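J.: Protein chains in written order, with the working numbering: chain A, 1 to 425; chain B, 1 to 425.
Source of the hints: derived by calculation from the structure; they are not laboratory data. Accuracy of the hints is not assured; some may be wrong.
All copies of an identical chain are treated as equivalent in the list; a pair is satisfied when it fits inside any one copy or across any two copies.
[Stated by the list, open to error] In silico BS3-like cross-links for lysine-lysine, where the CA-CA straight-line distance does not exceed 30 Å:
hint	residue 1	residue 2
1	59	87
2	59	79
3	59	147
4	105	79
5	249	79
6	173	368
7	79	228
8	368	112
9	100	173
10	390	100
From a predicted model like this one, the values you see are computed outputs, not experimental measurements.
Protein chains: 2
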Amino acid sequence: MHAEILSIGDELLIGQVVNTNASYIASQLDLIGVSVNRIIALGDDSSQIKSQLQDSLSKSDIVITTGGLGPTHDDITKKTIADFFQKKLVFDQQAYDKCKSRFRKRGISMPKSNASQAEVIEGSYVIQNNRGTAPGMILHDLESHPKKYVVVLPGVPYEMQEMMIAEVAPYFKSKSPTVFKHTMLMTTGIGESTLAEQIGDVGDFLEEGTSLAYLPQSAGVKLRLTSKGMDESDILHKHEKALKILTQKIGRYLYATSDMPLEACIGSILTRRKLKLAVAESCTGGLISHRLTNIPGSSHYFIEGIISYANESKIARLGVNPKTLEQHGAVSEQVALEMAKGCLERSDCDIAVSTTGVAGPGGGTERKPVGMICFAIATGPKLGKQTLVKTMNFTHERIRNKERFSETALHLIHELLTKSGNCKN
Amino acid sequence: MHAEILSIGDELLIGQVVNTNASYIASQLDLIGVSVNRIIALGDDSSQIKSQLQDSLSKSDIVITTGGLGPTHDDITKKTIADFFQKKLVFDQQAYDKCKSRFRKRGISMPKSNASQAEVIEGSYVIQNNRGTAPGMILHDLESHPKKYVVVLPGVPYEMQEMMIAEVAPYFKSKSPTVFKHTMLMTTGIGESTLAEQIGDVGDFLEEGTSLAYLPQSAGVKLRLTSKGMDESDILHKHEKALKILTQKIGRYLYATSDMPLEACIGSILTRRKLKLAVAESCTGGLISHRLTNIPGSSHYFIEGIISYANESKIARLGVNPKTLEQHGAVSEQVALEMAKGCLERSDCDIAVSTTGVAGPGGGTERKPVGMICFAIATGPKLGKQTLVKTMNFTHERIRNKERFSETALHLIHELLTKSGNCKN
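Please take these sequences and the hints and turn them into a complete structure.
T.: Set out below in structure tokens:
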């Protein structure tokens, strides 16, 4: 089956918003073997939406729209699609109750404008919104367009994503006989081109129907191994064979064979080994703590993060010696080490990591340029009272530097915790 | 003038790459008053490209393509466009020399495959590539499509951006007489639908040529006021008038009239008033500190963040009384207040904010459900030794709860710092 994605919203056409929704939907469809013909961003304009619908439905089996389901006057998608198919909007009690209870839970009475969000296109399959107020819809086999599908989703990424995973992908997956097997290979501590060299030409070892994709992401390199075909046992056999070869080739850079961030992998190791962690951050400014605490259950192993941005804080909170700061400067391996040691001791943890560096754009010098960072790790008796210090140089702007700094810190923790082998959950 | 952007590349259709090129081009065109009708991503397929060109040229004055200009076999854009207009590809000496010298500078001899990149469509205006090897082109007033423009750009963002700024934008700027004026209205502490009700029907006060768009984002609601027309002074007058009315209607929820995150606004207030800030985070896990330190120069006012995730950390680092924890539980206004007070005192700051709540998915009880959070703020003598405590309930999952929690904490800081009036930079 072929699909087109219509991303609706004036904000897309003036470049105010990057269309991440479309790439999310495309990647989800790709996983279930639905190929995307086109992705089209267009404005909140009913005649344009109608003419695009007409064109897209003539070229593809499925049209998925996002955006324009909000409660305000410029949200016209639902009404426009209903008009296009000459359908009415009808009240949906479940959507209304869901919306009302969302507001009630927060102790706010529902604004009048939200009531209109409980209206759906008659005859559609309603996808309830568990993360917001606008329901989604699937329209199928309409009089004017037999055998075609139109899926209407909200534009808020967080709401749309849940609907894609919970309802839309399973809905279309059941309609295709092709069997798919995917495995994510999560790596850390190695760049994309070095990894590609290490893996070599995939044509040499992948059998027909099996492919490998490099998926760029802000931290680490993610690979997806896909095997597809009509015979399930044959596919699983090929897939396992390819996975074994890839695992060997990637070696110690592979931390998991399921889609999980590095911080989740670290969390599961700490939980399994009953270890406690603390963090002393300067230039990463809280990002390491934020990433670690994004993982449900992190309160079992994450004790505290000390974001000692000012020198006085490094001295008072982590016991860094003022003389060390004076002699070597805040961005130095000596200070990083004292931060990690002080953090370990005062938090009574098993492992502590520290960061001090120049995130930029200001603050760089010739000897300590923007992008330079010192890391340290200190461990308690359970991990053999080790210390480790490392200096690295990155060349990005502030936010990207913080991301790379935090990724490297987590990579160093992971490497220390397990020199080889994957994350076992 | 109206434009369409055709982003060419299979990687876009499987969601491997997010189409940031299109939003960059759209934002550049918006600045010079060229409105984008549609943004279309399509695959490296010549018949699809030709049929899309035909359709887009029938609807718009300008078509801008990106991608498919590389030296490999799947880069077919240039050849396809030449075929479409029945033009030949001709050798361009300057492009050839530029490409050759790029390789020479890197000490590499130019691969044969790159020589084909020096070919351009006959009759086109050639945009030399100062950052890569593939030249861009502008085609105008072609026999089959008089008065239309086709701009062909490479897909590498860094190369394409330079061409947009240096050549494409100036080329079209001179051709459009329409004047545009945009203002961003940044709000916090109010939801989209409540804000929409407060503003009411924009038709009641916006004059012709002036419009208001609600731009969704993860934190706060962003509005864009746009005025356009042919007479600059008339437009500016209408714009100012509308801006004045909107400023009154939005009231204290408006924190800035230029595109900036709330943390940047808080930063500029703290800097101007020479105030120091510290943060004591439990359930937000470092996100408030991370957001505050994303702002360049935040080291001037952000002293430290104490991420006291464990109770022992709240006691040791912030001086929370163990009895308070025992009597009221970690998620309580009493503990939040002691956290903020302890943080203020120990960090020697002018303002401290604290968070303690249930981010989820676990840890909720009937009395303290997932999404419940207690905030406290304590200020020093410069801000009149105030304290403030607040409990709120959100209904999201973990990551989204952390985002909303941190946004509310920043909103409370902002509200305390300035009861009304915008962020003045």
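J.: Each hint: holds or not?
T.: Results for each hint:
| no. | hint | in the structure |
| --- | --- | --- |
| 1 | 59 to 87 | both (22 Å within a copy, 28 Å between copies) |
| 2 | 59 to 79 | both (23 Å within a copy, 24 Å between copies) |
| 3 | 59 to 147 | both (13 Å within a copy, 29 Å between copies) |
| 4 | 105 to 79 | within (29 Å within a copy, 59 Å between copies) |
| 5 | 249 to 79 | between (54 Å within a copy, 28 Å between copies) |
| 6 | 173 to 368 | neither (53 Å within a copy, 39 Å between copies) |
| 7 | 79 to 228 | between (39 Å within a copy, 27 Å between copies) |
| 8 | 368 to 112 | between (57 Å within a copy, 29 Å between copies) |
| 9 | 100 to 173 | neither (32 Å within a copy, 49 Å between copies) |
| 10 | 390 to 100 | between (54 Å within a copy, 23 Å between copies) |
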